[in-house]
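With the hints as extra help, turn the sequences into a complete structure.
The residues making up each chain are set out below.
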Amino acid sequence: MSIASTSVIQIIPRTRRGVELLLLVIAIAVSVGAYVNIGITVQNAVPASTGYYAAGIGLLALIAHFALRYRAPYADPVLLPCAVLLNGLGVAMIHRIDLGLAIVAEAKGKVPKGPAAPQQITWTAVGVVLFLVVILVIRDHRRLQALTYTAGLAGLVLLVLPLIPGLGVNLNGARIWIRLAGMSFQPGEFAKICLVVFFAGYLVVKRDVLTLAGHRFLGLDLPRARDLGPIGIAWAVSLGVLVFESDLGSSLLFFGLFLFLLYVSTERAGWLIIGGLLFVGGAYFAYMTFGHVHRRVTDWLNPWAIDGGQVKLGLMGQSWGGILGRGLGQGHPEATLYANSDMIISSFAEELGLTGLIAILLVYTLIIERGLRTALGCRDIFGKLIATGLAMSFALQVFVIVGGVTGLIPLTGLATPFMALGGTSLVANWAIIALLLRISDQARRPQTPAAPVSDETIAMAVQKA
Amino acid sequence: MSELTLTLIKLGFLALLWMFVLAVLSVIRSDLFGAKVDSRAAAAAVPQNSRTPKPAKPIKKRKGLPGSVTIADGPQAGVGASLGDEPVIIGRGSDCQIRLDDDYSSTRHARVFQSEGQWWVEDLGSTNGTYLDGQRVTRPVPAEIGGSIRIGRTTLNIAK
Numbered sequence: 001m002s003i004a005s006t007s008v009i010q011i012i013p014r015t016r017r018g019v020e021l022l023l024l025v026i027a028i029a030v031s032v033g034a035y036v037n038i039g040i041t042v043q044n045a046v047p048a049s050t051g052y053y054a055a056g057i058g059l060l061a062l063i064a065h066f067a068l069r070y071r072a073p074y075a076d077p078v079l080l081p082c083a084v085l086l087n088g089l090g091v092a093m094i095h096r097i098d099l100g101l102a103i104v105a106e107a108k109g110k111v112p113k114g115p116a117a118p119q120q121i122t123w124t125a126v127g128v129v130l131f132l133v134v135i136l137v138i139r140d141h142r143r144l145q146a147l148t149y150t151a152g153l154a155g156l157v158l159l160v161l162p163l164i165p166g167l168g169v170n171l172n173g174a175r176i177w178i179r180l181a182g183m184s185f186q187p188g189e190f191a192k193i194c195l196v197v198f199f200a201g202y203l204v205v206k207r208d209v210l211t212l213a214g215h216r217f218l219g220l221d222l223p224r225a226r227d228l229g230p231i232g233i234a235w236a237v238s239l240g241v242l243v244f245e246s247d248l249g250s251s252l253l254f255f256g257l258f259l260f261l262l263y264v265s266t267e268r269a270g271w272l273i274i275g276g277l278l279f280v281g282g283a284y285f286a287y288m289t290f291g292h293v294h295r296r297v298t299d300w301l302n303p304w305a306i307d308g309g310q311v312k313l314g315l316m317g318q319s320w321g322g323i324l325g326r327g328l329g330q331g332h333p334e335a336t337l338y339a340n341s342d343m344i345i346s347s348f349a350e351e352l353g354l355t356g357l358i359a360i361l362l363v364y365t366l367i368i369e370r371g372l373r374t375a376l377g378c379r380d381i382f383g384k385l386i387a388t389g390l391a392m393s394f395a396l397q398v399f400v401i402v403g404g405v406t407g408l409i410p411l412t413g414l415a416t417p418f419m420a421l422g423g424t425s426l427v428a429n430w431a432i433i434a435l436l437l438r439i440s441d442q443a444r445r446p447q448t449p450a451a452p453v454s455d456e457t458i459a460m461a462v463q464k465a
Numbered sequence: 001m002s003e004l005t006l007t008l009i010k011l012g013f014l015a016l017l018w019m020f021v022l023a024v025l026s027v028i029r030s031d032l033f034g035a036k037v038d039s040r041a042a043a044a045a046v047p048q049n050s051r052t053p054k055p056a057k058p059i060k061k062r063k064g065l066p067g068s069v070t071i072a073d074g075p076q077a078g079v080g081a082s083l084g085d086e087p088v089i090i091g092r093g094s095d096c097q098i099r100l101d102d103d104y105s106s107t108r109h110a111r112v113f114q115s116e117g118q119w120w121v122e123d124l125g126s127t128n129g130t131y132l133d134g135q136r137v138t139r140p141v142p143a144e145i146g147g148s149i150r151i152g153r154t155t156l157n158i159a160k
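So the protein lines, in turn, are chains A and B.
Take the first sequence: its position 327, counted from the start at 1, is 327 in our numbering, and no numbers get skipped.
Take the second sequence: its position 33, counted from the start at 1, is 33 in our numbering, and no numbers get skipped.
Since the hints were derived computationally from the structure, they do not count as laboratory data.
Ideal placement from N, C-alpha and C gives every residue a C-beta, glycine not left out.
Just to be clear, a hint being listed does not mean it is correct.
Unchecked claim - Residues on chain A that point at chain B, a partial pick, calculated with CB under 8 Å:
| id | residue |
| --- | --- |
| 1 | V32 |
| 2 | G56 |
| 3 | P77 |
| 4 | H294 |
| 5 | A359 |
Claimed, not checked - Restricting the straight-line Cα-Cα distance to at most 20 Å, the calculated cross-link-like pairs of lysine to aspartate or glutamate (DMTMM-like) are:
| id | chain 1 | residue 1 | chain 2 | residue 2 |
| --- | --- | --- | --- | --- |
| 6 | A | K206 | B | D133 |
| 7 | A | K312 | B | D103 |
| 8 | A | K312 | A | D299 |
| 9 | A | K108 | A | D299 |
| 10 | A | K110 | A | D299 |
| 11 | B | K160 | B | D133 |
As the list claims (entries may be wrong) - Stretch by stretch, here's where chain B covers chain A in the computed footprint (C-beta under 8 Å, at least three residues):
| id | segment |
| --- | --- |
| 12 | 15-26 |
| 13 | 110-121 |
| 14 | 142-148 |
| 15 | 154-161 |
| 16 | 327-337 |
| 17 | 343-357 |
What follows is the structure, given as structure tokens:
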């Protein structure tokens, strides 16, 4: 290190909490702006509830901000404002669709369903509470490594929970919800976090063995046959999710996560080839064998065949939005089924156009980039792998849902992070952001001169432990 | 509400949204290069990592040639070879000058040899690679005093 430091720019560690506060103010301004904009166009007046909405979202954001000032001062300054912006925009769009549905119901002479936006704000509050718990309780992410196998077991249990008769419910053709005390949850959202912790902890210990090359084939170092066990198990479980819970999205997310972490920790492209082939094979098998998977694919290949299909209406809305969009409150996103959950991206595309959609996708990209940046800066391999895994889970999720809505891949019911209506997913995403911030605090904190530890020594220590 | 006002509101909102994205990007940009170091802070930072005086460093390294390679840790710590005229081969094989007891090293793993008045580290097509100061060795790299070679799980120090 001392040799290199002459040519390297000296970076003085800064907390950057002030910058975070500034970005938070802009994020809140955008969210409140959207809310007011919707009120003006739909109801022709600034809505009376604007004050409550602004106070609610502002208060939650500030609480999270001060928790960081207090307990993770060196955390990344960009992650929290991005999360607040997406969450706020999501609530505004859900509110807008509430209004749209109410108008439709009124025209038909029906009683409108209760609004969904207040519910989403409540879930945001729960999410921020979990955020605080993670930031305050987990002082050092490396402690999670002791929970490697516990997390693995918990993840697996959460994943199969919806299959238990009486507890799991079948909604919209996928069995990924459980109903408890009158409320429904998607345990898979938390399974994701547990499994990232498990994969990271497992790979820290096993990566050396998995790096050993077996045969060389077409210029690629393929792994040894006896090391294929874990990837086989991950594949079987994800295929099981696909078959028994009919959830292509979770299946892809789960297997993709494992594959990425395997690749990142071993640096062997052979794993990607093997995993890709396994996934293609499994998906083709499922397509040939199971009716619901088959239907998803035919819907995707020919969205125009179904009258009132959500992909079709979503695509029409997006094209109506064009480059600049209809303007908030001036489209008809409510005409699409699940316009406030699965199809929320298409609702945004309709009202904000391609310009707005790209901005939203950029915010997602920035979250993912900061996650990977955290992984690069992190000093221990376990933290690196967790940060990579969480960022990748975000990336995969956004890809799968946006790809589905825009017709790139078959539509599956993965939640759009932070935006879609749905409590479990929102709360889980707040926990993910908290974990990333915790790791980034450790990564960006100035190193104490007493312990100039390199990556390798930590890795060695971890392997011995 | 007139059409014009609504269009203006629409464009204004999109501008606000993009302003956020650009603000985030500018924060990331300033984060990349860090804060400007004032001379006082730079002066304070120098003594911390300047065991050898800064400008002399690259020259000084060439002056003294390395004299030995020694295993740094583990049960084999202290085992090594002196760098005379002969190249030193490191690996698990019995014909190596430094025999490693490490499952992750290859039979003939790496070579330290002299050429053009300098010592070099070269990987001999090993399975798991050779690392000099954390960098993977893909072609012969100059070996300097104070450098450390990592082979499998073994670290070797280059000393005078």
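| field | Violating hint indices (sorted, rising) | value | Those not satisfied are hints 1, 2, 4, 6, 7, 9, 10, 13, 14 and 15.
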